[in-house]
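Trainee: Letter by letter, the chains look like this.
Protein chains: 2
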Amino acid sequence: MVKLIALYKHPQNKEEFDQHYFETHAPMTSKIPGLRKMVVTRITGSPMGGEGKYYLMCEMYYDSHDALKAAMKSDEGRASGKDAMSFAGDLITMMIGEELNQE
Amino acid sequence: MVKLIALYKHPQNKEEFDQHYFETHAPMTSKIPGLRKMVVTRITGSPMGGEGKYYLMCEMYYDSHDALKAAMKSDEGRASGKDAMSFAGDLITMMIGEELNQE
Numbered sequence: 002m003v004k005l006i007a008l009y010k011h012p013q014n015k016e017e018f019d020q021h022y023f024e025t026h027a028p029m030t031s032k033i034p035g036l037r038k039m040v041v042t043r044i045t046g047s048p049m050g051g052e053g054k055y056y057l058m059c060e061m062y063y064d065s066h067d068a069l070k071a072a073m074k075s076d077e078g079r080a081s082g083k084d085a086m087s088f089a090g091d092l093i094t095m096m097i098g099e100e101l102n103q104e
Numbered sequence: 002m003v004k005l006i007a008l009y010k011h012p013q014n015k016e017e018f019d020q021h022y023f024e025t026h027a028p029m030t031s032k033i034p035g036l037r038k039m040v041v042t043r044i045t046g047s048p049m050g051g052e053g054k055y056y057l058m059c060e061m062y063y064d065s066h067d068a069l070k071a072a073m074k075s076d077e078g079r080a081s082g083k084d085a086m087s088f089a090g091d092l093i094t095m096m097i098g099e100e101l102n103q104e
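Taken in order, these protein sequences are the chains called A and B. Last residue of the first sequence: 104 (the working numbering), numbering continuous. Last residue of the second sequence: 104 (the working numbering), numbering continuous.
Take these hints with a grain of salt, some might be off.
In this list, chains with the same sequence are indistinguishable; a pair is considered to hold if it fits within one copy or across any two.
What the hints assert, rightly or not - Restricting the straight-line Cα-Cα distance to at most 27 Å, the calculated cross-link-like pairs of lysine-lysine (DSS-like) are:
{"hint": "1", "residue 1": "Lys15", "residue 2": "Lys74"}
{"hint": "2", "residue 1": "Lys54", "residue 2": "Lys83"}
{"hint": "3", "residue 1": "Lys38", "residue 2": "Lys10"}
{"hint": "4", "residue 1": "Lys74", "residue 2": "Lys54"}
{"hint": "5", "residue 1": "Lys15", "residue 2": "Lys38"}
{"hint": "6", "residue 1": "Lys10", "residue 2": "Lys70"}
{"hint": "7", "residue 1": "Lys54", "residue 2": "Lys15"}
{"hint": "8", "residue 1": "Lys54", "residue 2": "Lys10"}
{"hint": "9", "residue 1": "Lys54", "residue 2": "Lys38"}
{"hint": "10", "residue 1": "Lys38", "residue 2": "Lys74"}
No lab work stands behind these hints: they were computed from the structure.
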C-alpha cells in the first residue's frame, strides 16, 4: 500500500498541539476521500535515551499513488493540508512511501 | 502496540545500501525474539515535490515496552543494532512509539 507519512517535531506547547491535533486536525483528515486507514503514533522516546527529535507520526493509507494524489487535491485534502500548515507548519515533515513487506 | 521505528536518510550509494539492508540487515533483524511484525517502507518522495530527506523506514512491532527492551538486550537485538551502526550509523534516526488508534 501507499502511505502518506506526517512526522511532527516536538511542539513548544504539547497540550495546545494535542488539543488541536486530536479534536480538529485528525477528524478533518479522517474525512479525506480514498483514505483507507489512519494510524497515529505517539513517539515516547529513543532507544539511545532522551526524547528525540520527533513527537508524533501519522500514517495515512491509500490504495495507490493516484488515489493519494486525488485525495490531496480534494476539498477535504486541501482543508487538512491548510490546517496542518497553520498549526504545525514549522514542525511537520511529509513523506510518501510504499510498504514493501510485512513479516 | 509498541513499535521501534528506524528512519534512514538517503545513502550515498543506494545500491550498496539496499543490498546490505535487504540481504543482511533485515534478515538479521527479523530474528530478534519478541518481534511481532516488521514493516519496511520505501520513501518515494514528498507531497511538496523532491525526494525529501529520508529514504527508508522500518517499523518493528512488539507487545509492550518491556518486550522491546528485552529484545534490544538480546544477542540478536545487539547484533542487529551493531550492524545498523556499522553500515548506516550516520543515516539512522531511531524512535520508540505507541500506536494510538487505527481508523
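Trainee: With reference to the structure, classify each hint as holding or not holding.
Mentor: Structure-based check of all given hints:
1. Lys15 - Lys74: neither (30 Å within a copy, 32 Å between copies)
2. Lys54 - Lys83: So Lys54 and Lys83 pass the 27 Å test inside a copy (23 Å) and across (22 Å) alike.
3. Lys38 - Lys10: both (22 Å within a copy, 26 Å between copies)
4. Lys74 - Lys54: This pair counts as between: shortest inter-copy Cα distance 23 Å, intra-copy 30 Å.
5. Lys15 - Lys38: Result: close within a single copy only, 25 Å intra versus 30 Å inter.
6. Lys10 - Lys70: Both ways: Lys10 and Lys70 sit 25 Å apart in one copy and 24 Å across, limit 27 Å.
7. Lys54 - Lys15: both (14 Å within a copy, 25 Å between copies)
8. Lys54 - Lys10: The answer is both: 6 Å in one copy and 14 Å across copies each meet 27 Å.
9. Lys54 - Lys38: Both, since 25 Å and 24 Å are each at most 27 Å.
10. Lys38 - Lys74: So Lys38 and Lys74 pass the 27 Å test inside one copy only (18 Å; across, 33 Å).
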